[in-house]
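Go ahead and model the full structure; you've got the sequences and the hints to work with.
Chains as they are written, first to last, in the UniProt record's numbering: chain A, 1 to 137; chain B, 1 to 137; chain C, 1 to 137; chain D, 1 to 137; chain E, 1 to 137; chain F, 1 to 137.
In case anyone wonders, no lab produced these hints; they're calculated from the structure. Worth double-checking, as some hints may not be accurate.
Any copy, or any two copies together, can satisfy a pair, since identical chains are not distinguished.
Claimed, not checked - Listed next, the in silico DSS-like pairs over lysine-lysine satisfying Cα-Cα at most 30 Å (straight line):
| # | residue 1 | residue 2 |
| --- | --- | --- |
| 1 | K30 | K97 |
| 2 | K19 | K56 |
| 3 | K97 | K56 |
There are 6 protein chains.
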Amino acid sequence: MTTVRLWSDEEAAADPAVKPVFDDIRATRKSDFVNNFWRALANDPAALARTWGSLKAVMLADGPLDPLTRELIYIAVSTANGCSYCIHSHTAAARAKGMTDAQHGHLLSIIGMAAQTNALVTVLQVPVDEAFLVKTD
Amino acid sequence: MTTVRLWSDEEAAADPAVKPVFDDIRATRKSDFVNNFWRALANDPAALARTWGSLKAVMLADGPLDPLTRELIYIAVSTANGCSYCIHSHTAAARAKGMTDAQHGHLLSIIGMAAQTNALVTVLQVPVDEAFLVKTD
Amino acid sequence: MTTVRLWSDEEAAADPAVKPVFDDIRATRKSDFVNNFWRALANDPAALARTWGSLKAVMLADGPLDPLTRELIYIAVSTANGCSYCIHSHTAAARAKGMTDAQHGHLLSIIGMAAQTNALVTVLQVPVDEAFLVKTD
Amino acid sequence: MTTVRLWSDEEAAADPAVKPVFDDIRATRKSDFVNNFWRALANDPAALARTWGSLKAVMLADGPLDPLTRELIYIAVSTANGCSYCIHSHTAAARAKGMTDAQHGHLLSIIGMAAQTNALVTVLQVPVDEAFLVKTD
Amino acid sequence: MTTVRLWSDEEAAADPAVKPVFDDIRATRKSDFVNNFWRALANDPAALARTWGSLKAVMLADGPLDPLTRELIYIAVSTANGCSYCIHSHTAAARAKGMTDAQHGHLLSIIGMAAQTNALVTVLQVPVDEAFLVKTD
Amino acid sequence: MTTVRLWSDEEAAADPAVKPVFDDIRATRKSDFVNNFWRALANDPAALARTWGSLKAVMLADGPLDPLTRELIYIAVSTANGCSYCIHSHTAAARAKGMTDAQHGHLLSIIGMAAQTNALVTVLQVPVDEAFLVKTD
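So, in structure tokens, the structure goes:
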């Protein structure tokens with residue numbers, strides 16, 4: 001259960017600060033569906049507008065990483081942070097952007113492998129090799 | 001400083017359980033360089049062999065995700081887990097596999113965005129939308 | 001579902017090690033309500049007494065930070081640790097201590113902002129500026 | 001060591017996308033000091049501008065939570081996320097905004113207490129009490 | 001709800017790559033019960049085989065740490081990583097291997113204590129004492 | 001570098017609230033060595049006394065788990081929380097309490113295994129099996 005109220009379509013349409021963001025979410029995604037994250041964020045219209053603006057710039061605008069790769073990275077971070085909602089929403093988004101079952105399986109193995117070696121490196125306290133450092137001159 | 005001893009090339013070459021793994025790391029990567037992670041893991045040859053075998057299967061064998069994408073996912077998980085060594089080593093690996101500065105910048109923005117929305121979703125306790133659930137029948 | 005049994009009021013009242021702690025929780029909070037955390041901890045009366053004693057000293061006794069600020073900090077930590085129960089209980093406590101919707105919204109934006117810059121700093125591996133170090137002489 | 005180059009004042013002044021952000025950081029903070037985080041982010045001017053814009057809105061603009069409280073919340077999140085740089089920079093910022101040693105000590109005890117009860121609640125898997133749920137009608 | 005389909009016994013029995021792993025899980029554990037984790041992993045038979053092989057080597061084969069101690073360590077990691085499923089499954093496994101209520105209570109106090117001091121050390125940024133470093137010569 | 005001052009032996013001996021705690025640390029451990037954690041906590045004598053009291057009860061008093069097992073659990077939690085100082089101090093403590101190299105290696109493999117399956121379970125969102133739930137009647 002959310003710690004705030006989820007906004008209905010009626011409430012969003014009646015609020016001059018929320019309406020343009022919900023309209024832009026629908027227009028950008030070419031879908032009438034607005035998921036619960038935005039309905040919860042609507043309680044703070046400034047945060048709603050700022051977060052949607054950043055998400056649009058990072059995840060939806062043109063950029064050097066393709067849309068599916070962006071979703072795979074999002075799932076990886078969300079898993080390490082234990083965000084169940086985010087895993088569900090971005091796995092659905094990755095599938096909508098063409099992720100195959102084989103790619104999903106591969107993603108999972110990479111995430112599991114990274115989690116394992118992260119833990120091993122940490123408990124071993126391995127010092128960074130010189131070869132990995134950025135040369136700045 | 002590691003919590004175990006880092007094995008030198010001489011020690012590794014003299015140990016019949018460690019030598020074949022170090023040899024395979026060098027042959028597979030076509031490089032004489034063996035980084036500190038494996039030199040620390042060498043203290044437990046069975047763990048060394050098992051971990052290298054899994055890493056090779058997941059990160060280096062043929063698979064549905066390309067080598068650069070795999071490294072980007074690895075960096076994402078390592079960041080969320082706060083593993084400094086892993087961030088350094090896999091950023092170097094991503095660059096070696098062709099990551100441009102623009103792609104690195106994009107990766108960073110996705111990781112930052114995901115961390116932010118993960119936190120917002122968690123503090124809001126947003127319930128998963130029906131539309132995101134896997135249909136199993 | 002808990003991994004231990006939740007103690008009922010009857011059981012707590014009948015146990016000489018648990019009863020005084022439940023009595024003190026009720027007296028200190030001026031409320032008959034004892035939430036599930038304490039009913040779960042009751043399985044280990046020494047841990048129950050120690051944890052309640054520390055919580056009382058840190059969260060309820062007089063101190064330099066006011067009661068609402070303490071709850072905001074608690075929510076922030078609980079979010080980063082992904083503790084759903086703790087987010088719910090301390091958000092309710094913050095509201096009971098006067099947190100407005102606007103303050104809640106502001107708290108959320110700070111938590112999201114911190115999570116984002118934490119991730120960016122970590123993936124960038126930014127070195128600490130000299131100016132931030134404590135002077136100890 | 002950073003995974004990217006830190007920008008010098010000269011480089012920043014010579015780049016038309018970076019210069020206005022560095023200028024605004026200095027003007028807003030009324031200080032010539034620009035810390036390493038922004039010098040690292042400068043490698044991606046769009047991310048630099050977006051992140052500074054959000055930080056300014058959340059941490060420096062007028063809002064319902066006072067400047068010191070915002071820093072205490074930032075330290076709390078940064079601690080739970082293990083971000084050493086962020087802990088140093090925001091502890092320095094909190095001190096600059098008037099945090100006393102007694103308040104710092106209290107903050108630390110709250111963070112430690114929250115981390116402990118977060119872990120206890122998680123390992124106990126305590127279900128959320130009805131009383132903590134938001135009433136949405 | 002899983003992000004993949006859970007395999008039934010019938011499906012597993014009909015797949016030549018999954019069947020031998022499910023058979024080995026049952027034979028090794030001397031039980032017909034196969035828990036949901038393996039039914040989810042079955043979607044990627046190579047990952048299923050690799051993960052079960054590692055788990056068997058680490059958790060079930062002879063080794064210097066006894067079976068109950070291994071489960072206590074697993075619960076500790078799973079708690080810090082916030083993995084609800086893992087806490088439930090390994091708490092059940094620990095009980096099956098003889099964990100008493102008193103040992104469970106003690107485990108919980110150690111986990112809570114460690115979480116608290118981890119947070120305190122992190123927010124204090126305590127430098128490692130010389131005495132704790134490994135001597136490597 | 002710490003975010004607070006580390007107390008010297010002379011300062012601790014001169015402070016009536018800190019001296020008895022340092023004296024008890026030395027007497028309990030039968031050693032003159034007081035590690036940096038306590039020297040940092042000394043800035044808040046009440047927190048110092050409370051934390052030492054809890055640590056003594058949980059880690060040093062008689063209890064159902066033996067001293068070495070307690071240290072292994074502490075290392076596991078500290079690894080998952082990424083606390084470098086805590087990993088170093090408790091690895092040293094475990095060695096002082098008899099941990100062999102083989103046990104250390106086994107511990108590392110369990111921690112790595114748990115981190116991996118925690119991540120897999122989380123990204124798969126596996127539902128808890130009925131068989132793992134506590135029967136409370």
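Item to check | Same-copy or cross-copy closeness of K97 to K56 [CA-CA at most 30 Å] | outcome: This pair counts as both: shortest intra-copy Cα distance 16 Å, inter-copy 28 Å.
Item to check | Intra- versus inter-subunit Cα pairing at 30 Å for K30 with K97 | outcome: Cα proximity of K30 and K97: one copy only (14 Å, versus 35 Å across).
Next on the checklist: Within a copy, between copies, both or neither: which one fits K19 and K56 at a CA-CA cutoff of 30 Å?
Outcome noted: both (17 Å within a copy, 25 Å between copies)
The structure agrees with every numbered hint stated previously.
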